[in-house]
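Let chain A serve as the given structure and place chain B on it in line with the hints.
These protein sequence lines are chains A and B, in that order.
For the first sequence, the residue numbers in our numbering are 45 to 322.
For the second sequence, the residue numbers in our numbering are 45 to 322.
These aren't lab readings, by the way, just hints derived from the structure by calculation.
Incorrect hints may appear among the rest.
Identical chains blur together in the list; that is why a pair holds if it fits in one copy or across any two.
What the hints assert, rightly or not - Cross-link-like lysine-lysine pairs, in silico, DSSO-like; alpha carbons within 30 Å at most:
(1) K250 - K176
(2) K64 - K278
(3) K168 - K296
(4) K218 - K301
(5) K64 - K301
(6) K121 - K302
(7) K302 - K286
(8) K218 - K302
(9) K243 - K172
(10) K244 - K296
(11) K120 - K296
(12) K210 - K296
(13) K317 - K172
(14) K296 - K46
There are 2 protein chains.
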Amino acid sequence: MKIGIVGLGLIGGTYAKCLKHYGYHITGIDHNQETIDYALNNTIIDTGSTTAEGYLGDLDIIFICLYPNDTIKFIKKYHTSFKKGAIISDVSGIKRNVVFNLDFYNDPETFELVFAHPIAGSEKSGIKHSDKAIFDGANFVITPLETNTEDALGLIETLAKQMGFKNVSYLSPKNHDEIISYTSQLTHIIAIALMNADKKGFSTNKFIGDSFQDLTRIANINDTLWNELFFNNKDFLLRSLKQFEDELGKLKSALEKKDYDTLKQLMQSATEKRRKLQ
Amino acid sequence: MKIGIVGLGLIGGTYAKCLKHYGYHITGIDHNQETIDYALNNTIIDTGSTTAEGYLGDLDIIFICLYPNDTIKFIKKYHTSFKKGAIISDVSGIKRNVVFNLDFYNDPETFELVFAHPIAGSEKSGIKHSDKAIFDGANFVITPLETNTEDALGLIETLAKQMGFKNVSYLSPKNHDEIISYTSQLTHIIAIALMNADKKGFSTNKFIGDSFQDLTRIANINDTLWNELFFNNKDFLLRSLKQFEDELGKLKSALEKKDYDTLKQLMQSATEKRRKLQ
Chain A
45 MKIGIVGLGL IGGTYAKCLK HYGYHITGID HNQETIDYAL NNTIIDTGST
95 TAEGYLGDLD IIFICLYPND TIKFIKKYHT SFKKGAIISD VSGIKRNVVF
145 NLDFYNDPET FELVFAHPIA GSEKSGIKHS DKAIFDGANF VITPLETNTE
195 DALGLIETLA KQMGFKNVSY LSPKNHDEII SYTSQLTHII AIALMNADKK
245 GFSTNKFIGD SFQDLTRIAN INDTLWNELF FNNKDFLLRS LKQFEDELGK
295 LKSALEKKDY DTLKQLMQSA TEKRRKLQ
Chain B
45 MKIGIVGLGL IGGTYAKCLK HYGYHITGID HNQETIDYAL NNTIIDTGST
95 TAEGYLGDLD IIFICLYPND TIKFIKKYHT SFKKGAIISD VSGIKRNVVF
145 NLDFYNDPET FELVFAHPIA GSEKSGIKHS DKAIFDGANF VITPLETNTE
195 DALGLIETLA KQMGFKNVSY LSPKNHDEII SYTSQLTHII AIALMNADKK
245 GFSTNKFIGD SFQDLTRIAN INDTLWNELF FNNKDFLLRS LKQFEDELGK
295 LKSALEKKDY DTLKQLMQSA TEKRRKLQ
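Looking at chain A on its own, in the form it has when it is part of the complex (with noise of 0.2 Å):
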């Protein structure tokens, strides 16, 4: 089985890594000479190209790991170049808009679309800092299409599973993105705020806790990628906004009123919570 990754940056690599650990033959197909030297200098890739033409027809499984828009406009250009029969996936982490603009090409006669997003990540990019670890017991989601065959869905899934993904869970594209919108956007928004909050330079790396670490870590941000994640969940995400906000206004006028039960209360709610996902 041969398997073709276009776009070696942090995800597609760790993709890379994580197959040829496994040993399948591995195509890397990316824009920058210097990525696919690398990749192959480090045997993350057995071949690789800048240009994808040649290379796709004889691809049994390819996944895209380009920003949304890219993998797009990707799919567009080169969807009369597949082998037929073969399986292609992505990563975005929106999936509507991917799904809404490529669905229709999905037909397992000649080529079929597994839509996924590899819930995992790193504030650091770029093929140098793909990792297997980033992978590993990382969470998986699958949005199906009607059309999808059990046997593409399970292939990916198996895969994902070699790839060290632990939970590989099938969500509509909407409910993906409603969910996203709270679990990875809305966390990214905060981190950012917080970050700008500091008007004083005090967050310096004398008056700072593993708090103040954890919680900023991701301010180190993509801005291309996350504008797009941004914009094409805009909805969502603003819902997901609105009621963060709210439950920091109950926080603040517990605080005011010196209402101790109230902010009690709300730390037990919070607790409770927190506890039930470890």
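The following block gives chain B in isolation, referenced to the frame of chain A:
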């Protein structure tokens, strides 16, 4: 040199472990007999008692590792029982209230108070979770009094370094409380609000990534301790909260207006500030 630790919780237990490891003779005082037994059985302390009487007059340095209000009560109750020339230190996360209640007692001719804040902790509590790793590389702040001697400040600084703290800084109680309202208390308020904002059970183990785990770890919170910390620093905390809400507002407005450039600038500013921390 005989060191006493009053209150063998997470922080007191870690003080004991670190200082015992360094070779000092440690006397532990805790109202809970089980805690004393655990500390003795695990050689975290050399001597232990559930009552302070009969021990305080023999100790050269005493670390009061209690909640802020209990720290104030303890020193007021026992201020005539300390050894002449003893150094008494604390671990309170807020300093104005503690210092303003106690600085009156400071007199290097009888005993000396050195107020300090080890900026380290864990979402877990109790001596069983005490761990030298918590202090390793962490920050330590001393809020000196005008009447403090160089010798006493130097000794606490030396002990802090021996326990593993990296930076020892000197701040006024007011500056300490202002900074900590942002770097520590605001982060805890955010974590509580984020956890409570989950109205639909989105934060299951199946749909979250590292960022959500990181931002909500401290939502598992000791409500009794943090109620004291929040209310004793209400003025600065409300101001920090306001600054954070203003920054959230900017992000929200950019999203609503589809203002890509502003959103990008806000991300870039956060990224730049965060990188300086590393």
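Hint check:
Taking CA atoms no more than 30 Å apart as the test, K250 paired with K176 passes between copies only; the shortest distance there is 19 Å, against 33 Å inside one copy. Taking the shortest alpha-carbon separations for K64 and K278, neither the intra-copy value of 37 Å nor the inter-copy value of 55 Å comes in at or below 30 Å. Taking the shortest Cα distances, K168 and K296 sit within 30 Å of each other only across copies (25 Å), while inside one copy they are farther apart (34 Å). In this homomeric assembly, K218 and K301 come within 30 Å of each other (Cα to Cα) only across copies, at 22 Å, whereas the closest approach inside a single copy is 40 Å.
When the C-alpha separation of K64 and K301 is checked against a cutoff of 30 Å, the pair qualifies neither within a copy, at 59 Å, nor between copies, at 44 Å. Only between protomers do K121 and K302 lie at most 30 Å apart by alpha-carbon distance; the minimum there is 27 Å, versus 61 Å within a single protomer. For the homomeric pair K302 and K286, the shortest alpha-carbon distances inside one copy (24 Å) and between copies (17 Å) are both at most 30 Å. In this assembly of identical chains, the alpha carbons of K218 and K302 lie at most 30 Å apart only when taken from different copies (21 Å versus 41 Å within one copy).
Neither within a single protomer nor between protomers do K243 and K172 lie at most 30 Å apart by alpha-carbon distance, with minima of 34 Å and 39 Å respectively. In this homomeric assembly, K244 and K296 come within 30 Å of each other (Cα to Cα) both inside a single copy, at 22 Å, and across copies, at 23 Å. Taking the shortest alpha-carbon separations for K120 and K296, neither the intra-copy value of 49 Å nor the inter-copy value of 32 Å comes in at or below 30 Å. With identical chains, the CA atoms of K210 and K296 are never at most 30 Å apart, being 38 Å at best within one copy and 34 Å at best between copies.
Taking the shortest alpha-carbon separations for K317 and K172, only the inter-copy value of 23 Å comes in at or below 30 Å, while the best intra-copy value is 37 Å. For a Cα distance limit of 30 Å, the shortest separation of K296 from K46 qualifies neither inside one copy, at 56 Å, nor across copies, at 45 Å.
Checked against the numbered hints above, the structure breaks hints 2, 5, 9, 11, 12 and 14 and satisfies the rest.
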